[in-house]
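Enquirer: Using the sequences plus the hints, can you model the full thing?
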Amino acid sequence: MTSGPVNLNRFRKDKARAKDKARADENAVKFGRSKAQKELEKARAAKATRDLDQLKGEE
Numbered sequence: 001m002t003s004g005p006v007n008l009n010r011f012r013k014d015k016a017r018a019k020d021k022a023r024a025d026e027n028a029v030k031f032g033r034s035k036a037q038k039e040l041e042k043a044r045a046a047k048a049t050r051d052l053d054q055l056k057g058e059e
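Per full-length UniProt numbering, residue 1 is the first one in the sequence shown, and the count goes up by one each step.
Some hints here could point you the wrong way.
What the hints assert, rightly or not - DEER-style ranges, computed between Cβ atoms:
no., residue 1, residue 2, range
1, 45, 21, 53 to 63 angstroms
2, 56, 11, 54 to 64 angstroms
3, 19, 42, 26 to 36 angstroms
4, 5, 46, 27 to 37 angstroms
5, 55, 14, 29 to 39 angstroms
6, 12, 33, 25 to 35 angstroms
Source of the hints: derived by calculation from the structure; they are not laboratory data.
By construction, the Cβ of each residue, glycine as well, lies at the ideal position given by its N, Cα and C atoms.
Expert: Right under this line is the structure:
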């Protein structure tokens, strides 16, 4: 005997969430960037902004 009725909608949604999470994790590994890559890109963008601001000040 079961402890109570089983909500099939909840079961279906939980299964779909688990599938989506697995797919997201797989995509993060395949397409994601490491922390070092993110920091490098951020530093390059900041330098480009500084360089442009410096050129604007010289005009």
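Enquirer: Please flag the earlier hints that this structure goes against, numbers listed from lowest up.
Expert: Hints 1, 4, 5 are the ones this structure does not satisfy, whereas the remaining hints hold.
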